[in-house]
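If you read the sequences in order, they're chains Z and P.
Residue numbering for the first sequence follows my numbering, beginning at 215 and increasing consecutively.
Residue numbering for the second sequence follows my numbering, beginning at 1276 and increasing consecutively.
It should be emphasised that the hints constitute simulated quantities derived from the structure, not laboratory data.
Heads up, some of the hints might be wrong.
Unchecked claim - With a straight-line Cα cutoff of 20 angstroms, these simulated EDC-like cross-link-like pairs (lysine to aspartate or glutamate) come out: (1) LYS274(Z) <-> ASP1682(P); (2) LYS479(Z) <-> GLU1336(P); (3) LYS482(Z) <-> GLU1339(P); (4) LYS1315(P) <-> ASP385(Z); (5) LYS1493(P) <-> ASP1550(P); (6) LYS1681(P) <-> GLU1722(P); (7) LYS479(Z) <-> GLU1339(P); (8) LYS1417(P) <-> GLU1336(P); (9) LYS1328(P) <-> GLU283(Z); (10) LYS392(Z) <-> GLU283(Z); (11) LYS1480(P) <-> ASP1682(P).
Computed from a prediction, not measured in an experiment: that's the story for all the values here.
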Amino acid sequence: MINFRIILKVLGLLLLLEGLFMLFAVPFSLYYHDPDLFPILISSGISIVTGGLTWIFFIKAPSNFGRREGYIIVVFTWIIFSFFGSLPFVLSREIPNFTDAFFETMSGFTTTGASILNDIESMSHGLLLWRSMTQWLGGMGIIVLSIAILPILGIGGMQLFVAEVPGPTPDKLHPRIKATASRLWGIYIIFTGVEAILLLFGDMNLFDAINHSFTTMATGGYSTKQASIAYYTSPYIQYVITFFMFLAGTNFTLSYFALHFRFRKVWKNEEFRFYVGLLLGITSIVSMVLYFTENLSVEGSFRNAVFQVVSIVTTTGFVTADYSRWVPFLWVIILMLMFTGGSAGSTGGSIKMMRLLLLLKNSWLELKRMIHPNAVLPARFNHRSVSTQIISNIMAFIIFYLLITVFGVIVISFLGYDLDSSFGAVAATLGNIGPGIGAVGPAENYSHIPAFGKWFLSFLMLMGRLELFTVLVIFSPSFWKK
Amino acid sequence: MKIKSMRIIIGGAGEVGTHLARILSNENHDIVVIDPDEEKLHSIDSSLDVMVKVGSAASIELLEESGIKKADLFIAVATSEHTNITAAILGKRLGAKITVARIDNNEYHKGSNIELFRSLGIDYLIYPEKIASREIIGLLRKTGTTEFFDFTGGMLSLFVLKLEKEALIINKTLQEVTQNESTLNYRAVAITRNGETIIPRGSDKFELYDTIYVVSNKAGLKDVMRYSGKQYYGIKNLMILGGSRIGELTALRLENEYQIKLIEIDKAKSIQLADILENTLVINGDGRDVDLLNSEGLQNMDAFIAVTGNSEANILSCQLARKMGVKKTIAEVENIEYINLAENMGIDTIINKKLITASRISRFTMSAQVSMIKCLTGTDAEALEFIVKPDSKITKGSLQDINFPKDALVGGIIRGKTSFIATGKSRVEANDRVVVFALPSAIHKIESFF
Chain Z
215 MINFRIILKV
225 LGLLLLLEGL
235 FMLFAVPFSL
245 YYHDPDLFPI
255 LISSGISIVT
265 GGLTWIFFIK
275 APSNFGRREG
285 YIIVVFTWII
295 FSFFGSLPFV
305 LSREIPNFTD
315 AFFETMSGFT
325 TTGASILNDI
335 ESMSHGLLLW
345 RSMTQWLGGM
355 GIIVLSIAIL
365 PILGIGGMQL
375 FVAEVPGPTP
385 DKLHPRIKAT
395 ASRLWGIYII
405 FTGVEAILLL
415 FGDMNLFDAI
425 NHSFTTMATG
435 GYSTKQASIA
445 YYTSPYIQYV
455 ITFFMFLAGT
465 NFTLSYFALH
475 FRFRKVWKNE
485 EFRFYVGLLL
495 GITSIVSMVL
505 YFTENLSVEG
515 SFRNAVFQVV
525 SIVTTTGFVT
535 ADYSRWVPFL
545 WVIILMLMFT
555 GGSAGSTGGS
565 IKMMRLLLLL
575 KNSWLELKRM
585 IHPNAVLPAR
595 FNHRSVSTQI
605 ISNIMAFIIF
615 YLLITVFGVI
625 VISFLGYDLD
635 SSFGAVAATL
645 GNIGPGIGAV
655 GPAENYSHIP
665 AFGKWFLSFL
675 MLMGRLELFT
685 VLVIFSPSFW
695 KK
Chain P
1276 MKIKSMRIII
1286 GGAGEVGTHL
1296 ARILSNENHD
1306 IVVIDPDEEK
1316 LHSIDSSLDV
1326 MVKVGSAASI
1336 ELLEESGIKK
1346 ADLFIAVATS
1356 EHTNITAAIL
1366 GKRLGAKITV
1376 ARIDNNEYHK
1386 GSNIELFRSL
1396 GIDYLIYPEK
1406 IASREIIGLL
1416 RKTGTTEFFD
1426 FTGGMLSLFV
1436 LKLEKEALII
1446 NKTLQEVTQN
1456 ESTLNYRAVA
1466 ITRNGETIIP
1476 RGSDKFELYD
1486 TIYVVSNKAG
1496 LKDVMRYSGK
1506 QYYGIKNLMI
1516 LGGSRIGELT
1526 ALRLENEYQI
1536 KLIEIDKAKS
1546 IQLADILENT
1556 LVINGDGRDV
1566 DLLNSEGLQN
1576 MDAFIAVTGN
1586 SEANILSCQL
1596 ARKMGVKKTI
1606 AEVENIEYIN
1616 LAENMGIDTI
1626 INKKLITASR
1636 ISRFTMSAQV
1646 SMIKCLTGTD
1656 AEALEFIVKP
1666 DSKITKGSLQ
1676 DINFPKDALV
1686 GGIIRGKTSF
1696 IATGKSRVEA
1706 NDRVVVFALP
1716 SAIHKIESFF
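The following block holds chain P by itself, in its conformation from the complex (with noise of 0.2 angstroms):
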């Protein structure tokens, strides 16, 4: 089955629409690019299979050139919220389908607000410094993992781990971690080393900083945890530095159970944060500044998350945080180039906004059957949780007889109340929830078995 190319066009060439743009054009989908900026919109020209368009995303005119009439989806991700929610509105009238607006601005993603700009036809409002908040604060609940995410409210779940010296599992193979168990709780879907992610199959085998993906139910979480030489901690002490919106999000949520210092460099914006957050001790001072952050005990923190607007201190301080014995170290990283470098430094997480926003809008593109998708950082596989249909190609068999894509991994199967760890002998029934880990290449490819 050829999967139908969608129309998208996406309006903003900043860097989550660049991002999206290039991603969804690599699927295949037909892409309009719509910037005021002529130089941003020269490089994305020049570099990928898409039409730009220069001019406002909200302009009617270019709108309808752009062919908004027969548009499946409408991305308004310009850095104006306005403009996007102008955009977004004025597509959905011109005829898009679906639309979707980056909005930034905290009171417009409450309840009740959501349905307003829905009437007004906003489908979806897109907030990125707010999704990669919960992306922190998820982590800072599951310490251990670099990064996880749980498929139909936790029944299966996937985690992220580094092999460091403490694994147990270092140069064994997949087949030998296993073949004690006598029920299968967790498998390992994909290792990413140097850069490149392999799917593995039993006689591959794990060495130290590789970067392992391990679906898991819950009764395996353990077992997990102690093959990788992990472990849980309570986390008390919290050092955010910078007030970004990501910052502050993350304080505010957070504010209440730990005990948290906020570093901002500029005066203002610290006396602004003092006034919101009144739980968190907001520090005015410059977060490179080694001696500032000794003297607010960095070494006493359990965890330290970099969210200043540059990449390069966010790194360097984690860095430094990591020397001092802090356990958990986030940095939020935009330059997409510099995140396999962070991550071979050591620091446990990279945040990237564009990545975690564009796995989210990318979800609007696959087709009814995938009901979660996450795209991951450091690698360019995503994890995708498909509803199966009666009668769809994947039910005819066990998985090693159905000829499913080798660049892909069913790890799981949700049936109802229970789930359970996928290999090959097992068989998908319909209306299973189904986890698939899956390389870029294979996505399309994996559509059609669903």
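Isolated chain Z (complex conformation) (with noise of 0.2 angstroms):
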């Protein structure tokens, strides 16, 4: 049977846990002299005391929990955390209306990016600075943190990895999933604070330049702007954005290896070619469309062509520019790059290149399999055989990832949206990006949906960021069979 009492004392902690994150907005707020402080200092104290209180409440509960605790502590943490989350835009009035600070949260902890808000910079710093770090916090991962710095996580811990790591095979660093969640966030943090400060050399200010690092590394697309990275005409500026989407895409286990100097084992995986292969390919196809057909230098449309692939690749969703006013080849492109998503164990979300490599692997096989119907021919990744188990479990991944997209469109379609508007809409909650076309393209926001449509979203982006398995297993009946 499950046993909710363990469920809430964890949830409790981890509550308390976002009540002390809301805390770093302060010093911001502080410094701009906003009228964000007191809603902050409050929203903070709620999630403190509430989260505080359930959990001594609950302190007695056993701290080993199953498989299907598990599940149910991450798909609530992410619930809860979006709830309370929302509420300095509540309090603050600058979100008046709850469904669009719930929408707006989920789309930050998600990393999806999809905002609600017509004029991003008349918002106070300290709330902007909060949007940013639910980005940051969700990118790596809530449990994956949780793991590195509570104690009472450890055994237990291992269920919950599991259920919130993108992927459809975690790998350890080390031999402690603890440990292994320390190293993931060590690697995190030092990207981010990189990335900042190269981003200070591009002439951007200390604040912008927070944001805009927790977001790149979150693969989130918050920006600080409402013109999004466009606003920033600097070619500087947007390359290191490039440079550190593409970092945020690469799975990080490798990026471990190659901060060990271990370069030889990132490049000889499988995936981290095809994804470098894929974004060459289509950027050069990008730019050499965009040299023909718009007026842009060699340079600028070969900057705008990688920024924009690598930002939708890797589910990031910052703009330079407003792709959906290219040529109808090419955003068709950028739509089906939708369905692409980074590297398993990045921060990006979508279906993810190894599920593509192998089911694209497994597909050409089957071919191979009708000539030599006795042959034994496993699909192969970094030169070993893939279980079939795995490989029916990515099969089922992307027959769902398609189901839930066909029944969001006809879901967005009903409430009057035309067919480029709800497809895009759909492929960029669903797979975190942010901005899609029609009237959520890059220049649009999702302000207009109907209240409705907004939790429908906020519902995909959940089960986007989780891969669908965490959360549709909840709805299952043999989950809650005795």
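Starting from two chains that each stand alone, build the complex the way the hints lay out.
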């Protein structure tokens, strides 16, 4: 039977942690003398008290939990974080509508970056920092962070880690899950710091540099500017952000190896090669077409192309150009790229390179199997044959992904949107990208979507971030059977 | 003091390897498990906080990837002894501090051969079947007890006894039992009841069918037996069911002392056994056949040992032997889940290779002050013997004053040539040897006291 006392105990503790993280926004509020100081302090207080009391009330519950408790904890952590995370926006009345605030926060934690804000520059600095911070926390994972810093998640942490970390097979950097989690967060923090420093050299101010590095490394895409990165005309800033989006979309395990000078391991990784190959291939096509169709220099076409392709493939969702105004051939490519996603074990969302690669390989082998019916032809990944169990898991994932997309498009079109917009909105939220096309394109936002649509899209974002299965499994009857 | 976690690589995810991975990872060590069987690893990976690697434990690349260079302990427990030998030698050369190999070959365990292996780089050889057969032999010599264990040459012993109707102490508290004694020669350090182990305090009562763990010195032995309603009896006739390696080794050691009948189902194996065992009567037959057991005189046996590869058959045939009036029954049960069940059915002693082997190996993970460790069947608790360093925390006051963890108990103290049972007022001195009984939650807490 599912033990709800353990679940409440862990959720309480995590909520307390969220309250503490909100306090990071306080120095910025103070420095800029913005009116958001008290709303942030009150929200933090509410989270700390609610979380702390729940934790203390259930502190006697044992800390070992099983698979089912693990799934419930992960899903509800994300929901509760978004709920309490939206308090600063609501209390400060800068996003007065609760539905809007919840959508904005869920879009933050899931690193989607779909916004309902019509005038980002008018927001208070503390709130903007909290908005970027939601992405940063959600990027590497709330649970992964908790495993790294909280001692109580020791043994049960395993169950949670598997449920939250993206990719079909999470690799461990260290025998202990806690040590693995701290190493991942370590690299994440280092990369974020380095990016912030590099952006400072490019004439970005400290506040914007911190915000943008938070949202780049999380492949989130929240900007402090309404025009996103297009606001910064400096090619240097755009290239720096492109590079870090690329890093954020790479498997962090590989970054760990690279930081330890084990480059051979990085380059030998098939997924990495596929990722780099795909980016280079599509970028060259897009830049060529841009050069001939838009009034741009060679460097300008390349820069716009590489930025946009990397931004969409890694599911970041920053924009330097309104790609929905490009020739149809290009925006259709961009739309299709929304179904690729970063590497497994990165902060990117969507289907992910590893799944696509294995699906392609296996489908290709299917042709060979027709000619040699008795041949043993396992799909290989990094020179190792992949078990049929993993292949079937990947197939199921992709089928669910496409079915949910179809269902989502139908739901959004019911609200009165055309095919482009419905498709763009669903692909961009389920894939945790942010800007879609049409009515939710890069120059637009999600504020005009009716309340029901916002709740529905919030749910898609959550499903996308937790890789479908973690959320879907809770709705399956066998989950609740004894 | 925080206990430093060790880096341990386990080669082989068989029963011993898996069990070791479980207990060692729960003790906060960094564990890597290597095995060629992906499915086995998958089930370990999803239930334990360890890292798994698919492949052979004797693969140099894999060992390096698993961090053999910094490994404190490398345990090779794959099914094939050749893999284990190769793996342990390689492991040592690649940087592992201590290497242990499971080797199921009696010849290799002989004195000078152990030296040979040590020079090759294998520090310890482990032979689970041999350890199990030694355990059985010890039990046959100390009839009446379920399990026993000697500390430092028998100056203190740990007895495990099951309380039956004849026991005098049933429904008495610990205090009532000991109040008439002038000097304490024994003490109950733990009680297992319905699968749960408690450390008893003065007011706790003994109940029927409790399994009690008693630390006693030589003088207390008689009293322990009297109070628990047990008595010694000599063994003359012994029946062993199953010519497995445990059965064979046990028979080989005992065949000149006792009358032994060994029943083995496989014909070829029986012939082979008859060749090795000159003074044992080897019978080729099915141990599940009641008529066969009866015609071979099961009812006249003093002890019955079931060590076939099949745990269920072992449990059931021991049950049968008990019904027929055999006083001492020992069953090999390899499914850990069955152990409590089998104990409740009244079988005297359960032997489990995994637990025995794991208890041997986990000794290497304890600090240098631990000189012996014994994992007990039917409970998670462990009995440990510590050597007390000068100025360690435990010497700083009488036992009731030093905040010793509640989930552990000092059972006895060996000082020079004398030994005595500890009470709250006892003080421990430097260079004493101390016998401690600890629940798993306490094991790391108590290490800081020594």
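_Straight-line alpha-carbon gap LYS482(Z) to GLU1339(P), limit 20 angstroms_ = holds, 18 angstroms
*Decide if the proposed pair is consistent with the structure: LYS392(Z) and GLU283(Z), CA atoms, cutoff 20 angstroms inclusive.*
With Cα atoms ~19 angstroms apart, LYS392(Z) and GLU283(Z) stay inside 20 angstroms; holds.
_Check the hint pairing LYS1480(P) with ASP1682(P) against an upper bound of 20 angstroms on the C-alpha distance._
OK: LYS1480(P) and ASP1682(P) at ~18 angstroms, within 20 angstroms.
*Does the alpha-carbon distance linking LYS1681(P) and GLU1722(P) stay inside the 20 angstroms limit?*
Distance ~14 angstroms between LYS1681(P) and GLU1722(P) Cα, so the pair holds.
*Decide if the proposed pair is consistent with the structure: LYS479(Z) and GLU1336(P), CA atoms, cutoff 20 angstroms inclusive.*
holds, 13 angstroms
*asked:* For LYS1417(P) and GLU1336(P), compute the direct alpha-carbon distance and say whether it is at most 20 angstroms.
replied: Given pair LYS1417(P), GLU1336(P) is violated - Cα atoms ~49 angstroms apart, limit 20 angstroms.
*asked:* Next pair to validate is LYS1315(P) with ASP385(Z); report whether the Cα-Cα distance is within 20 angstroms.
replied: holds, 17 angstroms
*CA of LYS274(Z) to CA of ASP1682(P), is that 20 angstroms or under?*
Within the cut-off at roughly 18 angstroms; holds.
*Quickly compare the C-alpha distance for LYS1328(P) and GLU283(Z) to 20 angstroms and report which way the hint goes.*
Since the Cα atoms of LYS1328(P) and GLU283(Z) sit roughly 27 angstroms apart, the hinted pair is violated (cutoff 20 angstroms).
*Restraint status (C-alpha distance of LYS1493(P) to ASP1550(P) at most 20 angstroms)*: violated, 41 angstroms
*asked:* For LYS479(Z) and GLU1339(P), compute the direct alpha-carbon distance and say whether it is at most 20 angstroms.
replied: holds, 14 angstroms
Against the hints set out earlier in the document, violations occur for numbers 5, 8, 9.
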